[in-house]
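Undergrad: Chains as they are written, first to last, in full-length UniProt numbering: chain A, 1 to 213; chain B, 1 to 213.
Fair warning: there could be bad hints in the mix.
In this list, chains with the same sequence are indistinguishable; a pair is considered to hold if it fits within one copy or across any two.
Claimed, not checked - Computed cross-link-like contacts, DSS-like style, restricted to lysine-lysine with a CA-CA straight-line distance of at most 30 Å: (1) K158 with K18; (2) K204 with K79; (3) K130 with K79; (4) K18 with K79; (5) K81 with K18.
These aren't lab readings, by the way, just hints derived from the structure by calculation.
2 protein chains.
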Amino acid sequence: MINIKLTPRQEEIIRLVKENHPITSETLASNLGVTRAALRPDLAVLTMIGVLEARPKVGYIYSQKPSYSMIYDYIVDIKTKDIMSKPVVVSEETTVYDAIIHLFLNDVGTLFVENKGMLTGAISRKDFLKIAMGGTDIHKVPVGIIMTRMPNIIFVEKEDSAYLVAQKIIDHEIDSLPVVERIFEEGKEQLKIIGKVSKTNITKLFVKLGQSK
Amino acid sequence: MINIKLTPRQEEIIRLVKENHPITSETLASNLGVTRAALRPDLAVLTMIGVLEARPKVGYIYSQKPSYSMIYDYIVDIKTKDIMSKPVVVSEETTVYDAIIHLFLNDVGTLFVENKGMLTGAISRKDFLKIAMGGTDIHKVPVGIIMTRMPNIIFVEKEDSAYLVAQKIIDHEIDSLPVVERIFEEGKEQLKIIGKVSKTNITKLFVKLGQSK
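Just chain A, with the same shape it has in the complex:
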C-alpha cells in the first residue's frame, strides 16, 4: 500500500496557495526563499496529484480534487472473483415454500436454480413476494414455474471487472447476478454457476475502498 506523503515544503506550498490563490510560481518561490527551478518538482507533483491546478498566465490554484482516472484504474482492476460470494442454489422441483425457507435460512435476496448442475433460472425476493400475496398454494408450486428462466438471466464471468458487474446491476435493475463458467457440452453452451455478486458485495467493496487508508 502506498500513501502519498507530502514533504514539509509541499505542505507549505499548499498552505500558501490556499491562502493566496491564484499565485504565480515566482511569488511562491520568493515567499519560500528558493529559486523557481528548485520549486519545479514540488509544483509538478502537487499539480499531478490534483491538489493544485496550474492556470496558464494566472498561476496556481488550490483544487484538492482527486484524480478520477486513478480511482477508475483501481476499480477496473478489481475482478468479479475477488468480490463474489457463494450462491444459494435450489432445483427446479423445489416448492416455492421450501425455496423461501432457503432464502431466509441463508439470508440472501436471490436464489439461483440449477438443472443437472447447470444454471437454468433465478428468483428474487420480489418474485416470491408477488407469488406469496397472490393466493397461490406455495406448498404445491415448484420454483421452475415462477422463476426467471435462461436466456433472460444477466450473468457475469469471474474475470469481469467489479465495475462491469455494478454497471449491469444498475442498468438491468437486478439485485444479484450469477457468476458463471461457460461449458461446451454436446455442441451446446451451458452455464455452470460458481458464485454471485449482489449490491451487498458492491457496497462491501465500497466500504473496503474507504478503509484502505
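Start from chain A and add chain B according to the hints.
TA: Just chain B now, with coordinates in the frame of chain A:
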C-alpha cells in the same frame, strides 16, 4: 476534473522500469541520454503517484498500485445528500396489502412509516414476505403492527459521508437507511424523514466513480 497526463518521457521511464526492474536512476538516465538531475522531477512524480516504487540501494521497481488515501479522501467527501433518493412513505394505518402495492408501484425494497410527519417505522421486502407467507390476513393487518419501530431504526443525516452510510448498511445488514432531520418539539427529539440511501444508491455511486474517467 483532473486527469493524470504523463509526459512521453515519463511513459518511457515506466516502460524501462517495467522491463528492467529493479533499475537505478543512473541506468535510467544513461538509457534516456539525460542527467540524473533532469530525471529527478519525473521520478518524484512517478513515485508519488505510486506507479514506481523507490527501494534504497536497489533502484526503482514498477508497482502500479493506486494511492488508497486519495480514493479514501475522495469517498469521504461525498455526502449523503449527494446520493440520497426520495423515500416512499406510508402511514401506520396502511394495511399490509396496500403497503405491498406501494412497494411494487414505486419499485423500492423498503417502505418508511410516518406518524404526524415524523418517522416511526420501516418495513422491508423481507418483512413483507415473512407476513405474506405466514397466513396472516394482509388485507386487515396495518403496517404499524409488523414494522420495525423506532428507536430500533438505524438512520443517517444529510451531511454524513456516503462512506458512513455504506458502513452502516453493511454493519447492520440493512437494505435501505432513512435520511432524517432532527427536530426538537415539546422538549423531545423527533425525526423527519427527508430521503433514503440504499445499496442501490451506493452501487450507482460506485459506477459513477468508475465513469468519471
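Undergrad: Within, between, both or neither: how does the pair K18, K79 come out at a Cα-Cα threshold of 30 Å?
TA: Result: close only across copies, 23 Å inter versus 39 Å intra.
Undergrad: Which holds for K204 with K79 at a C-alpha limit of 30 Å: within a copy, between copies, both or neither?
TA: Close inside one copy (14 Å) and across copies (18 Å); limit 30 Å.
Undergrad: Using 30 Å as the alpha-carbon threshold, which applies to K81 and K18: within, between, both, or neither?
TA: between (43 Å within a copy, 26 Å between copies)
Undergrad: How do K158 and K18 come out at 30 Å by Cα distance, when the copy is not named: within, between, both, or neither?
TA: between (45 Å within a copy, 27 Å between copies)
Undergrad: With identical chains, the pair K130 and K79 could be close in the same copy or across copies; at 30 Å between alpha carbons, which is it: within, between, both, or neither?
TA: neither (34 Å within a copy, 35 Å between copies)
Going down the numbered hints, you'll see the structure goes against just number 3.
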